[in-house]
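Trainee: If you're matching them up, the sequences are chains P and G in order. Numbers 1 to 281, taken from our numbering, label the letters of the first sequence in order. Numbers 1 to 416, taken from our numbering, label the letters of the second sequence in order.
These are computed hints drawn from the structure, not numbers from a lab. One should not assume that every hint holds.
Listed below are the simulated SDA-like cross-link pairs for lysine to any residue, each with C-alpha atoms no more than 20 angstroms apart in a straight line [claimed, not checked]: (1) G:K85 / G:N182; (2) P:K15 / P:D38; (3) G:K317 / P:E85; (4) G:K317 / P:W21; (5) G:K406 / P:W21; (6) G:K305 / P:G153; (7) G:K406 / G:L395; (8) G:K85 / G:Q101; (9) G:K317 / P:G80; (10) P:K214 / P:G50; (11) P:K124 / G:K305; (12) G:K406 / P:M81.
If you want the footprint, here are the derived chain G segments under chain P, 3+ residues with CB under 8 angstroms [unchecked claim]: (13) 14-22; (14) 310-316.
Note that the Cβ used here is the ideal one computed from N, Cα and C, for glycine as well.
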Amino acid sequence: MIQPDNSSAIITVKKLHKCYWVGSMPFPALNGVNLSIDRGEFAVLAGRSGSGKSTLLNVIGALESADNGEVIVNGENILGMNHTERTLFRLHNIGFVFQSFNLIRVLSARENIAYVCQLQGMDKKESEGIADHWLNEVDMGHLGYRRPDQLSGGQQQRVAVARALATNPKIVLADEPTANLDTQTGQRLMCLLQQLNDKFGTTFLISSHDPDVKNAARRLIKLADGQVVRKWEKIPPAPPPISKACPIKNLPLAGRIRQFLRKKRKRPSKTGEKGPTPRRS
Amino acid sequence: MSNAKRLSLTAYLSLALRNLLRNPRRTGITLATMIFGIATLTLLSALNDGWLEQMRDNFILSFTGHIQIHASGFESSQNLNDHIKAPGEVILLLQDSPEIQGWTQRIRTSGLVSLGGSSAGVQIMATDPEQETWVTHMHRGLKQGRWLNPGTSHDLLLGITVAQNIGAEIGDRIVLMAQRPNGEMVSEIFFLRGILETGAPQIDRTLALIPLNAAQAWFEMGESVTDIVIRASSHENTASLQLQFNRKLSGGGYEILAWQDLDPMVRQWLEFSDAYGLIIILVVVALVLTEILNTMLIALHERQKELGIMIAIGTRKSQIFFMLLIEAVMLILLGGALGYGVGGLLVLHLSDGGIDLSYFANAFKFFYMDPVILPLLTLDSATRILGTTLVAALLAGLYPAWRATKIEISQSLRTF
Ligand SMILES: Nc1ncnc2c1ncn2[C@@H]1O[C@H](COP(=O)(O)OP(=O)(O)OP(=O)(O)O)[C@@H](O)[C@H]1O
Ligand SMILES: [Mg+2]
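Go ahead and model the full structure; you've got the sequences and the hints to work with.
Mentor: Below you can see the structure in the form of structure tokens.
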């Protein structure tokens, strides 16, 4: 199933159609979407409410099926997979940040992160090591023992980001990650995502209404009525909007962390995560 | 890609435990229902078992014994002609068997007692006075006077109601009248030596007890008897003993009857009580099942979104299923153990003095019951209660766990 990695695209969507049915009434959500996202991109999906952003993210993230078309993610044909294959695909390839209710309520922040590592087959100790690492990475190291309901919305989202990255995914999909946050917290979260993108070269695809999110985009993709309307529009890389306020110090740790992760996982890297991805422009 | 990894059992257990503690009040109420249900069940079942055993033992020990051997046809004809001519052959089989606690020989026939102007129909029973005490507790029911002397003495014991009906007192000369095997009506004078109250009204109302040898002489029956009555050393031996005798005595013109065959009404009553016990179990189990099902379904509903997230980030459906099932099983095991524990303590407490139902004693006497019921915990009922509860509760846990695997992620994430 894995195709030779001869392009830089990590997500390729071709003529994607998806219709929801309510009774016998069809509600077309995606009307022939064509899209390609390169490795290491930091892209934002914009569009009005109901334009199909969530649906597209769900299909790319192997959460939902589609009616027609082709979706290749990290060399794998998502639409041809059965249920279990999709679950495993998500586990090993995709990190998710949802709008809300991201975390498992009965687990602490640290355990939430360790949980996905355990799903990947790591033992408890190893998982906890990775959880601690990522908690520090999102500046939540001191609150790792707290349960989600003891954390603010912004803190919860940071933990969710840490969890999304802890499995060493190729892609992070975030559906309106700032929608439940105040402006400043939202900006700080976006700043964090950008920095992680810089540092680890993970591909980010984020949907949002939020102008701040759109500003942060290094590439903006606009959807309307289930179609990409402004195709491949690249906006010039804006400097991180509030870079001075960024809580994350630009640690020179990137290389060391990647090494650490590679050693820990001992998983063959098929993503071409070869050193820090140069910032795209 | 297909490296399907397992979560460790401790991870499941810890998740399940925390999910149970997530809503302590609800879990507490569910547990309380289970404890109450299973404790009640244990108690009712122990009462039922205690009562059944009492009734069975009373029935066996008041008169019938575990097994009776007759000449073929005697049980239905009750005719002295159908008697065992050579009881020695049978008695040889009884001696030294470790499965037998005691045996006696009897002659039973119907007759009449009269004293002065009054008379009453009776069941004349002649027995070996000494052997009888190994088989039944009849001698313990002596209200007045003394037990029969062995030999051919003309001692007579009467059931208390018979004695009252004809106004007999200890020492009275009483005329007994009956038919010999050849049909000849004969009468004989006996002396009332004792009055018996067995606790079973149908016996107290009809019993006229005389020594076996006296009866054999009176009826000119030689060595012959109508019944050989056997008490097994343990109740559980009854069936195997009956089988043995059937084999060894087959073709000799005998009928070998176990206590259940001797009074169909008692057997039916025991069977009914058993079925009744089962109905109680089913009702309580249904209650417990509904409660667990309810708790789990509500919990499932509340956690729909979270379960959706768990599936989205890579938890397999089998893992979700297992997680919820473990939750249910933990709840069940805890509730089951506590419930049975509380029930057991209640039973222990009550079995000290028993439950005194003397108020209803008259109704109970017909069923060979004591007015004080001693509840009884048996391995049988424990297995039945715990087994049924476990199976039922497991079913109640399986359904929500299965439902959880049907969660559509896209639906549950639609704030997404
Ligand atoms: N389960 C569903 N059943 C029917 N129609 C649906 C369902 N989910 C989505 N839709 C429809 O599909 C279209 C696309 O929905 P989608 O959620 O992808 O939009 P969106 O761009 O994410 O909107 P928003 O910005 O409000 O989140 C909408 O018209 C929506 O009404
Ligand atoms: Mg949406």
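Trainee: If a hint holds in the structure, say so; if it does not, say that too.
Mentor: Against the structure, the hints:
Simply put, K85 of chain G and N182 of chain G have alpha-carbon atoms about 14 angstroms apart, close enough for the 20 angstroms limit, and the pair holds. Proximity of K15 of chain P to D38 of chain P is assessed by CA-CA distance (about 18 angstroms); at most 20 angstroms being required, the pair is judged to hold. For a cut-off of 20 angstroms, the pair hint linking K317 of chain G to E85 of chain P stands: about 12 angstroms separates their Cα positions. Taken as a hint, the K317 of chain G and W21 of chain P pair is broken in the structure, with Cα atoms around 25 angstroms apart against an allowance of 20 angstroms.
For the suggested pair K406 of chain G and W21 of chain P, the alpha carbons sit about 19 angstroms apart, so the restraint of at most 20 angstroms is met. Taking the CA atoms of K305 of chain G and G153 of chain P, the gap is about 17 angstroms. The hint holds against a cut of 20 angstroms. The straight-line distance between the Cα atoms of K406 of chain G and L395 of chain G is roughly 17 angstroms, inside the 20 angstroms bound, and the hint therefore holds. A distance of roughly 24 angstroms separates the Cα atoms of K85 of chain G and Q101 of chain G; the hinted pair therefore is violated under the 20 angstroms criterion.
With a C-alpha separation of about 19 angstroms, the suggested pair K317 of chain G and G80 of chain P falls inside the 20 angstroms cut-off, and the hint holds. Between K214 of chain P and G50 of chain P the alpha-carbon distance is near 18 angstroms, which keeps this suggested pair within the 20 angstroms criterion. Annotation: proposed proximity of K124 of chain P to K305 of chain G is violated, straight-line Cα distance about 26 angstroms (limit 20 angstroms). Restraint check: the Cα-Cα separation between K406 of chain G and M81 of chain P comes to about 18 angstroms, which is no more than 20 angstroms; the hinted pair holds.
A stretch counts as covered by a chain when three or more of its residues have a beta carbon under 8 angstroms from one of that chain; for the region 14-22 of chain G and chain P the count is 5, and the coverage holds. Taking a C-beta to C-beta cut-off of 8 angstroms, the region 310-316 of chain G contributes 7 residues in contact with chain P, enough for the three needed, and the coverage statement holds.
Violation of the numbered hints given earlier is confined to hints 4, 8, 11; the remaining hints are satisfied by the structure.
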